[in-house]
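Peer 1: The residues making up each chain are set out below.
2 protein chains.
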Amino acid sequence: MAAHSNAELRQLVHQWMELHREEGTRFLQSLVRIPSTQGNEREAQVLIADQLRELELDVDWWEPDGETLEAHPFFYSPRSRFAGSPNVVGVLKGTGGGRSIILNGHVDVVPEGNRDQWRDDPYSGKVEGGKLFGRGATDMKGGNVSLLLAVGALRGLGLKLKGDVIVQSVVEEESGGAGTLAAIVKGYQADAALIPEPTNLRIFPKQQGSMWFRIEVKGRSAHGGTRYEGVSAIEKSIAVVQHIRELEERRNAGISDPLYAHNPIPIPINIGVIQGGNWPSSVPDTVKLEGRMGVAPEERLEEAKEEMLRWMERLREKDSWFEAHPPAVEWFGARWVPGSVDPEHELMQVLARQYREIRQEEPVIEASPWGTDGGLLTQLGGTPCIVFGPGITQVAHYPNEHIVLDHVFEAAEMIALTLIHWCGLNGMEG
Amino acid sequence: MAAHSNAELRQLVHQWMELHREEGTRFLQSLVRIPSTQGNEREAQVLIADQLRELELDVDWWEPDGETLEAHPFFYSPRSRFAGSPNVVGVLKGTGGGRSIILNGHVDVVPEGNRDQWRDDPYSGKVEGGKLFGRGATDMKGGNVSLLLAVGALRGLGLKLKGDVIVQSVVEEESGGAGTLAAIVKGYQADAALIPEPTNLRIFPKQQGSMWFRIEVKGRSAHGGTRYEGVSAIEKSIAVVQHIRELEERRNAGISDPLYAHNPIPIPINIGVIQGGNWPSSVPDTVKLEGRMGVAPEERLEEAKEEMLRWMERLREKDSWFEAHPPAVEWFGARWVPGSVDPEHELMQVLARQYREIRQEEPVIEASPWGTDGGLLTQLGGTPCIVFGPGITQVAHYPNEHIVLDHVFEAAEMIALTLIHWCGLNGMEG
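Heads up: the sequence lines are chains A and W, in that order.
Counting in this note's numbering, the first sequence runs from 20 upward without gaps.
Counting in this note's numbering, the second sequence runs from 20 upward without gaps.
Mixed in with the good hints, there may be bad ones.
If chains are identical, the list can't say which one is meant, so a pair holds when it fits in one copy or spans any two.
[Stated by the list, open to error] DMTMM-like, lysine to aspartate or glutamate: derived pairs with alpha carbons at most 25 Å apart:
1. Lys-112 - Glu-82
2. Lys-112 - Glu-363
3. Lys-307 - Glu-235
4. Lys-112 - Glu-321
5. Lys-237 - Glu-131
6. Lys-337 - Glu-131
7. Lys-179 - Asp-338
8. Lys-145 - Asp-361
9. Lys-112 - Asp-338
10. Lys-150 - Glu-326
None of these hints come from the bench; they were simulated from the model.
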């Protein structure tokens, strides 16, 4: 066993990555070719569990128990049965005396949407111009492969760490985080965590949470020819939309965190769905609005809900119609817990250092505009979590989703070195 | 055979109505209990055809031929097949030498809407406080029963007319008039026509036409967490709704017809349906608006269309987004041809006289705020048509729709006497 300088370790890790580019690319291709949408994650998890076993990690494989989870206050999912949707966790035990880390990535992908908008099959895994294409390439199978490559490099180079490395491949991130919740409930915890969601290699110590809401706006029906005898729920819903815009302005005016310096609306309230009326010649008596309310990293979901409800009550000050017909607000479907880690947290420092040394430039450190399972790990799991990954934020959930392969390997190198410095190097075999 | 004075005839008709109140009410109840929404008119038509046969009219029963109608420039319907949706016409031949009349009523009703807003079942036919409740009671089964009672009184009293009375129970009025069009195409014509749509016993020599439009408003999708990277089609649709409000103001400012003196918006533009987006966490890229554009009695449908299209082009002056993404306007589904009959037309005078004599007050003569099949009869069918009926304009298309039973019988008396004076009395049997 010999001591190694940082420069030597960087060199070793980089060489290992160069030698495993083809293998890593093929593995990502295999993962992307499995359409692991909600309920169809099993096949992809088999691939990942096999890989973890090959790296000689202790593998834990289980289907989350919907009945137990449903009773949990942080459980949000459109489903309560997870048969065929297993979580996979691989543990690389350290030699002791070091800090542990959870490396978490989700295996579920959002549906491909309209196939006509894809140039190739949505699950092609096609490689072209240094990019790999397909649903999930960026969000977030590319990031997951970075994690596996990082652990692979440690194993391949015979580097033994002091702290434990816990690799989690979870289901259900895209629908509210029940997979990560199940891992927390099972007892997985560490001194810190990293999730390689698509951040364009930016580092996010904080992340926006979000909740879905539904608002029913009332009108009063009438024949369209005497529309002045009715009250249009469409016109009333315009007032509600504008009222929500004002709430968004107020909430964002209160945010001064420098991590949001380049974000025009740190915690947006998006109205994604509008639906009302059923007959062109009738004044519509109901309009339904559905949307997503962003929640600040340090805010609690319940506080944000309260603020929305109080704000909606003030509609009556603008229009007495709402006095007798207050819009009904309902919280439904998915919710993502926000998360906040001190930007000076030591895992942040360690990662930023590797970034600087490898890229020879300052990393961008920001607050993420969307939630990840990191909020659950930080708030509930007692494991401060940061987000950093190779995927491209702008193409997540889009047709022709892709990832730059160079970034997958670059991130893998940074993560491997971060593991070494965070968990501590015990020595090198052989 | 004996000559009868007007006063005697009024007395005879009134007595006959008094004797047939229970029977007439029961018949209306039976009609209202049949939910004869579009495509489901058959059962109600069976009831009416049976009644016409009982009154010894020659009954014509046919399902309109969609293929033939589709080629007709006045055909507007969301469907092209009318299987199960028959028209019924009953002809009471006159003895000759008199003026003929078409009595036209539609049997289709609009859907009941949100059942929670109904105190009773929407098709209860419940009688309470002199009112009969249920979808279609006012629009326009009550009026249809007035027609049948008027003819029934003539038959029951043995009064023989010179001119023909043609009773038409048509389908599809609520969706563009294909039922009445089919009757016109089949050759039915008369010297004048009366439609007992719900006018609150006001007399309408003129009527608003209308057309359905659909507007597709474009946005650009993005993730809700970075909604500022997209363009919300919901926000753009608000601009379109407000732009349409301005067009409505301009069009109505130009209307000075004294028949509209008491109407706050003579030719309204109603937006009845809004629908956009499909995911709470996404910025919606499309919103569809559907509505009804009122057309002035003397205006041509094509003129109104042109004005709307020109106006929509001006959206770009308010927001450059619409320059590159002009909302697409489509005319679809139902259209009602406007109609205008001289307020001094002799049928107007005959009816107004009966009204005065029975009610001992001046009738209200106005322009109707909505279209009826009368526009088709007047403009296409060569049969000047006026509108007058017992239903309550304000409750048509509403929850808890109802009609005042007294008005059904009062209208029936006025119509019976109008028939006598318009068609001419040949004599009395027995």
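Peer 1: Hints first: check each against the structure and report whether it holds.
Peer 2: Hints versus structure:
Proximity of Lys-112 to Glu-82 under the C-alpha cut-off of 25 Å is restricted to the intra-copy arrangement: shortest distance 23 Å within a copy versus 80 Å between copies. For the identical chains of this complex, Lys-112 and Glu-363 are neighbours neither inside a copy (27 Å) nor across copies (97 Å), given an alpha-carbon limit of 25 Å. For the homomeric pair Lys-307 and Glu-235, the shortest alpha-carbon distances inside one copy (5 Å) and between copies (19 Å) are both at most 25 Å. For the homomeric pair Lys-112 and Glu-321, neither the shortest alpha-carbon distance inside one copy (38 Å) nor that between copies (76 Å) is at most 25 Å.
In this homomeric assembly, Lys-237 and Glu-131 come within 25 Å of each other (Cα to Cα) only across copies, at 17 Å, whereas the closest approach inside a single copy is 32 Å. Within a single copy, Lys-337 and Glu-131 get their C-alpha atoms no closer than 39 Å, and across copies no closer than 32 Å, so neither meets the 25 Å cut-off. Taking CA atoms no more than 25 Å apart as the test, Lys-179 paired with Asp-338 passes in neither setting, with 67 Å inside one copy and 61 Å between copies. Taking the shortest Cα distances, Lys-145 and Asp-361 never come within 25 Å of each other, neither inside one copy (39 Å) nor across copies (69 Å).
In this assembly of identical chains, the alpha carbons of Lys-112 and Asp-338 never lie at most 25 Å apart, being 63 Å within a copy and 59 Å across copies at closest. For the identical chains of this complex, Lys-150 and Glu-326 are neighbours neither inside a copy (43 Å) nor across copies (47 Å), given an alpha-carbon limit of 25 Å.
When held up to the earlier numbered hints, the structure conflicts with 2, 4, 6, 7, 8, 9, 10 and fits the remainder.
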